[in-house]
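Place chains B and C on chain A using the hints.
Residue numbers (my numbering), protein chains in the order written: chain A, 5 to 135; chain B, 2 to 101; chain C, 5 to 487.
Think of the hints as simulated: they come from the structure by calculation, not from any bench. It is possible that some hints are incorrect.
[As the list claims (entries may be wrong)] Simulated crosslink set (PhoX-like; lysine-lysine; CA at most 25 Å straight-line):
1. A:LYS129 - C:LYS445
2. C:LYS39 - C:LYS101
3. C:LYS101 - C:LYS445
4. C:LYS101 - A:LYS129
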Amino acid sequence: MPGCKTYAILFPAMLQDYLLLAVLLVVATIFPIGGLITAFIIRPHRPGKIKGDTYECGLETIGETWVQFRVQYYIYALVFLIFDIETIFLLPWAVAYNQLGLFSLIEMFIFLALLLGGLVYAWRKGALEWI
Amino acid sequence: MVPVANYLILSAVLFTIGVLGVLIRRNAIVIFMSIEIMLNAANLAFIALADAKGSLAGQVFVFFVLAVAAAEVAVGLAIIVAISRQQGTIDVDEINLLKW
Amino acid sequence: MPTTQELIAISPEIILALWALSVMFLDLLIAQSRKSILAYWSLLGLLLAGGAEFSLWGREEILFQGAFVQDNLSLFLDLVLLLATGLSLLMAKGYIKDLEMEHGEYYTLTLFATLGGMLMAGAGDLLIVFLGLEVLSLSLYVLSGFRRTEPMAQEASLKYFLLGAFASGFLLYGIALVFGSTGTTLLGGIAVAITEGGLLGDPLLLLGLGLLGVGLSFKVALVPFHMWTPDVYEGAPTPVAGYMSVVAKAAGFAAALRIFLSAFLQLAGDWTLLLSLLALLTMSGGNIIALAQSNMKRLLAYSSIAHAGYILLGVIALNSWGLSSVLFYLAAYGFMNLGAFAVIVALRDGEREYLALNDYAGLGSRHPLLALSMAIFMLSLAGVPPTAGFLAKFYIFGAAVQAGYGWLAILAVLNSVLAAFYYLRVIVIMYMREPAGQVAKMTHSPALALAIFLAVIGTVQLGLFPAAVVELAQASLFPFLGS
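Chain A extracted, bound-state conformation (with noise of 0.2 Å):
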């Protein structure tokens, strides 16, 4: 393609991987946006108060929208930030598997037995419970 050629010496190699990104930076972005302002124009416009209203999963909502959560819900995240480190863990053995063996897929359900003995542990605690 002549067009590639001008793109190659106007960028070097590697501002030619960044132009790429460029590229689907724009169309990620035009997309989006394209689909809202066409939904804009064509879509009827009947405001009432149930439309207006909070969208809260179908429900009806119950008082004010800024509401401070309880201090007890940190251990929900917690719990999560622990489980979410421990699968780095999980990366090297996967991308490693073929030269590892069986031993190391025996070792990793150690792990992960452990992991799910925490969660158990967590559960029966009632670090689970909606508070």
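Here is chains B and C on its own, set in the frame of chain A:
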């Protein structure tokens, strides 16, 4: 290719920011965040040096540091939340029952 | 893939880890009124792990490409750690029930903390040192705040946590710099890299070693990194304070021995001078501030700081006599210090603790046996013959003299004289002063009595018949200084 010295300088700067944060700030959460900056400065140094030395040991170390830091967050936040509920403050200058 | 041999060699650690997990899950099944079963269950686990240690004695196993070492040094230190854990659990059983904090997590966390200490004692890689230290510290942060609605316990926990995490940051950065200089985190590999790469004066390496030293100094509470110790000991539950004073210190010195002996022996000229300065500051600082204390737990906190200073002398001496005396000192210190804490635990009326020095007035006539035990522990801590504390000090000061640190040994002896003043004051108060106002009561419990009895036996036994333990300690260091 960025030379390894630049990474080390950045990590030293981050580490210093963390140390100063611990020494200067009085809010327990902010002190804790400063400590996390220190740990991450060490992580950055580990990764840069592992690359420079061509040794994977440094990168493996970072995985473990991340896991340990998460556990530290869990313990630390639990302690800080317990204090804030009971005493209504997390200013380390106001938490001073124990003195010699 | 680990071989069967490797798994056998690391079996004490595996047993303890599984046991801690089993306690955690048993706790979910056992009703609140029967939680004390968990104490016996945990003690059984400690016994099993100790038995595994004994059966491994004499084997020099290098496991997992050098990451872990199971030799006599780690086995000796592990036994000290397990013994101290057992004593502290005996103390804790009734205590945590009376103070309404009898949760299974107490035992789980104690066992995990001991596991962390054992990992540090056998570490062959800085990664294992770091992980062991964190397992130990994270458990201790929670344990020291175990009375979670008590403001003093919360404060102790917060202080310990913030300063401990701060110290971990230094330690970690030090490890990163050492890795940057030598290209490895294996302790043996570091020594090889220093020799082969001619890294003796490498600034990166020296800076890394310095930061590593600062991190460890925080953990074993050397002056000027000791500020947290008295506050944490005072706020933490008494059995936990006793546990920390022995296990955290023994584990910290274990890691220091491993790191300095295996990795940085060639740099000894650089760090011994610095350490002797730290030892001097630590001994003097701890003893002088201890003189002014009127709270028993704070007194023992400053005394534990001073003892860390004495122990450091053996590390500095760096000869086989000095290093085996470090091990002997840790064993003796474990008995006498936990014993003293056990007496504090005993002197309580249900929930009400008697911590002031004046509460001990008249103890000699009201509870003669308890007072006698406390007197033995105080004499031993002061270093009066024929107790364990005397021989421990004698060995360690002798080693310092032999290694050419006569001036340091003289200053250490002067320090012990100073220290004797506040230890003997406790005895004087117990026997010669009449109680004013409220009289301190004593709680009777078989487990606690057993703990005090064992501590007395250990203190006297090591003082009168030290040969067996000294031989074990010397055998532990053979591979390092056999030549």
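Structure-based check of all given hints:
1. A:LYS129 - C:LYS445: Given pair LYS129 of chain A, LYS445 of chain C is violated - Cα atoms ~37 Å apart, limit 25 Å.
2. C:LYS39 - C:LYS101: Distance ~9 Å between LYS39 of chain C and LYS101 of chain C Cα, so the pair holds.
3. C:LYS101 - C:LYS445: Between LYS101 of chain C and LYS445 of chain C the Cα gap is close to 17 Å, so the pair holds against 25 Å.
4. C:LYS101 - A:LYS129: holds, 20 Å
Violated hint for the displayed structure: number 1, the only one.
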